[in-house]
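Peer 1: Could you build the full structure based on these sequences and the hints that come with them?
Protein chains: 2
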Amino acid sequence: MLNRTRNSHTARPAQPVAAPRRRPGARVVPPTAPGAPRVGGGVHALVRGDDNARLFDYEQRVKAAFDAIVPALRRVSALQHEEDFERQAQAIARERLGFELPAWILADAWVDQLDMRRLYAWCVFETYLRFSDDFFSADPLGWADEGEFQAFLQECGFHILDISPCADGRLAHVIRYVLRLPYRTVRRKSYAGALFDIEDSLEKWGETELLRFREGTPNTADAPTRYLKAVVYHYSSSAPDTEGCAAHGSDAVRAAEAGRERLLAFQQAVENSYCCGASIDLLLIGLDTDTDAIRLHLPSAEGGIEPGAWVDAAQLYDETRGLHARDAGERIDARLREAAPEAPSGMLRLLARLLENNLSQIEYVQRHHGGRYPDIGHAERFIGAGKGFEEVQLRNLTYFAYLDTVEEAAPDLDVGVKIFSRLNVGHGLPIPVVVRFDYHGKVPAARERAVEHCRRVAGALAARYPALAADGLLHTLQLVRDIDHEQGVGGRVEVLDCSVREPAQEAH
Amino acid sequence: MLNRTRNSHTARPAQPVAAPRRRPGARVVPPTAPGAPRVGGGVHALVRGDDNARLFDYEQRVKAAFDAIVPALRRVSALQHEEDFERQAQAIARERLGFELPAWILADAWVDQLDMRRLYAWCVFETYLRFSDDFFSADPLGWADEGEFQAFLQECGFHILDISPCADGRLAHVIRYVLRLPYRTVRRKSYAGALFDIEDSLEKWGETELLRFREGTPNTADAPTRYLKAVVYHYSSSAPDTEGCAAHGSDAVRAAEAGRERLLAFQQAVENSYCCGASIDLLLIGLDTDTDAIRLHLPSAEGGIEPGAWVDAAQLYDETRGLHARDAGERIDARLREAAPEAPSGMLRLLARLLENNLSQIEYVQRHHGGRYPDIGHAERFIGAGKGFEEVQLRNLTYFAYLDTVEEAAPDLDVGVKIFSRLNVGHGLPIPVVVRFDYHGKVPAARERAVEHCRRVAGALAARYPALAADGLLHTLQLVRDIDHEQGVGGRVEVLDCSVREPAQEAH
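Which chain is which? The protein sequence lines are A and B, in order.
No gaps in the numbering here: position 133 of the first sequence is 133 in the numbering used here, and each next residue is one more.
No gaps in the numbering here: position 280 of the second sequence is 280 in the numbering used here, and each next residue is one more.
Honestly, the hints are just simulated from the structure, not real lab data.
All values reported here derive from a predicted model rather than from experimental measurement.
Some hints could be false.
It does not matter which identical chain is meant; a pair holds if it fits inside one copy or across any two.
Claimed, not checked - BS3-like cross-link-like pairs, simulated, lysine-lysine; straight-line CA separation at most 27 Å:
1. Lys418 x Lys189
2. Lys204 x Lys418
3. Lys418 x Lys387
4. Lys387 x Lys189
5. Lys204 x Lys442
6. Lys204 x Lys387
7. Lys204 x Lys189
8. Lys189 x Lys442
9. Lys442 x Lys418
Peer 2: The structure is reproduced here in structure tokens:
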């Protein structure tokens, strides 16, 4: 076991995310940007204003905590050669960040100068840990009635909704914000370019069927429901040639086509691997990462996807604004029926729900982000590498690299390192990488294997980027989490190790 | 696609393994070694002499093909500066190895000297490919009635036998030779120290149950049969302190205890992960790699394993030799009943079958290998890395490193490289590594992913052992195989690439 000393990431009390006071110069998004369409509260009858307010408060609170780090450290830096530097620095940190800085980093500042790279990485990790702990203990994005959505899904003819968005940080909020779905009920597994792993999905399909057969969860295997696999690709309406999906060369048509192909391949894999009419249903979703408006590609009568036909939520938003709730809902239903007259009625019901949900997010972006995010490009705060990160449901917070090994995920990691070379290294700041492996605590020694996994990946990361690691421009925090521990709420992450450690500890 | 040119591993006709003529000095095992107990054909009534003859012919044929390489190349080497060297060399190769050598390697010999490392690696790969092709086309170890064993297994109360032996090359023949089981019916997955992966086994358990539920294969889920997981650890009766299992420090007690712990952990993982009384049965087997005699640890009444109690096949062989078949069988049954009076009768029936089968192997080693293998230590001919190698059912032919990535399997690979550093590098010969990934051809693009996988692992190998690779002391052959192609027989391996290539090809 690691030493659990004060001012180390291996020892920390549970505390909510600090909401630091705003400072001039800090990146704070104005409620409505100048020139953007101004929309009053709840103008659209189908928009849930209360949900929007709660979601914005959370987004604002978490991002402000991360964005307070640089200004606070700038201030600390300016004081580093003053005599009561340590006292002043801690006062600033407490006030602006809500926590104290590691005394051992501050204590050495007088000898040479403050090791700002270490300090920055430490603050990002500390802020991440507070955010993560808050998520698993206070459940800020929880759902009052998750059973309602599961029941609705089954009424529509599906027993599971398995979504693979692109791993781009600008899609990390797709479940809870963009689609307004309960994140514990929907499966999310992100991949670069939304090009999900077919073998992994086949395995999930098998697991799902077995639970239906053995345990009747979520329904029994004889119920005529299907496995619904969805892909979310993305594009940028403001800067289509540069801010779209990097994995598809910012080409929305290519991104959609690749998603469709992968979905069809998975469907064929299920059909060829299992007998007795095994199959799945498919859903292809496009997301404009500037506005969070979705487009739903329409199902064909044969269970395929019409590549060139979709219903656009932004258009529906404009078309139904000012209507009464009931009329707006009927208009959405009518548009879907016109566009896909042969689609099964259950699928159309689900699509209508997704479109209606997305109207709230369209208004959210209009109201709180000026209709278009100011950060239409990458602005992630850290890289998340490994398996887990259920708590990351916010846009542009995390660059995901879902991985088992650096060896297999090297291309994805290289993209992430390239992004952060511009965002951080170019300004002299290190790349913070959270290495995380979740495990099933009810499986004997699963924790030990997750720990081993974590250490191996952290080592392989340092080996892949030796120059960055040697220059203190790559820092890692190693975590595991027991996902069998009080499903969802309760099981906090466990810190194993951190590359920012006291030199004395390093000697051991 | 690769060029499929003559004299390259990317082009080869299907041919049976050559049976080179014996030469003085080649490693050939005499029918009975001097001083070993001499046993006449079929002295033990339960031994199947015909099976033994067939198995020995096959072992002899394959190993002789590999063992002919060094003497043939020595002879070739001695001639390399003669004027009609190429003609003479090809004549020797055809006669002794059954194939021609790559002309482009021979052609350069006059300039400097013959690149013996490349030539050796090329010959090992060519011999391996002929052996593998022969296996998948001629089915030399096939079973007349595989259904009989599956039916017997179910009568004993089990629907699957899933065996994890140690990955040591001295156990590679455990299914077909030591236990005399049909290799297509029994699952084999080897791990260093027999420490199998619990998550992988859980997945297999789920897959097996799903097939029973959905397809009634091998029986329906309501049949009261169980999943039987077996571990085979090993030890050396001649040199217990040095030639036992390296992963357990050549300590038989530790090896047995570790196997037992892993089995119990898997059982607990199934019980904790699934409801409704899900569980498995366990079997712990020890193997004396000098004599191929097994010991079966006895099941306890509670479904566990008695750590210190076993029945020894070598002892039973001596005890029942000279008895009539029926009496010998009854003696075995009686010994088992005495040793484990509370074990379920189905389990005892299976154990009796395994013991009886092993008597044939004990006599096989006595008759053909002098009662104790002359190569009690490592003497593998190549490293097999990746997933597949169903065709390797022979002792001391292959050091297995079952792996997805070099990153995860580095410790196992390091052991393999250490073994071959002694066997080959110490004599100036390279380490031949066959990198292989099998795939399900019915899953779309699975072949492309296997190809990608193969290339990635071959690259990672070269990166892990840069000095060996640079000195031409590490050579790789990359293969994939479609396991959905005519189950078992028929689907040959496909050669993707080989580190021994014509320089002209390398330039592309």
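Peer 1: State for each hint whether it applies.
Peer 2: Here's how the hints hold up against the structure:
1. Lys418 x Lys189: within (22 Å within a copy, 39 Å between copies)
2. Lys204 x Lys418: This pair counts as neither: shortest intra-copy Cα distance 32 Å, inter-copy 39 Å.
3. Lys418 x Lys387: within (21 Å within a copy, 33 Å between copies)
4. Lys387 x Lys189: Result: close both inside a copy and across copies, 9 Å intra and 25 Å inter.
5. Lys204 x Lys442: both (19 Å within a copy, 18 Å between copies)
6. Lys204 x Lys387: both (15 Å within a copy, 21 Å between copies)
7. Lys204 x Lys189: Both: 11 Å inside a chain and 22 Å across chains, each within 27 Å.
8. Lys189 x Lys442: This pair counts as both: shortest intra-copy Cα distance 22 Å, inter-copy 24 Å.
9. Lys442 x Lys418: neither (38 Å within a copy, 37 Å between copies)
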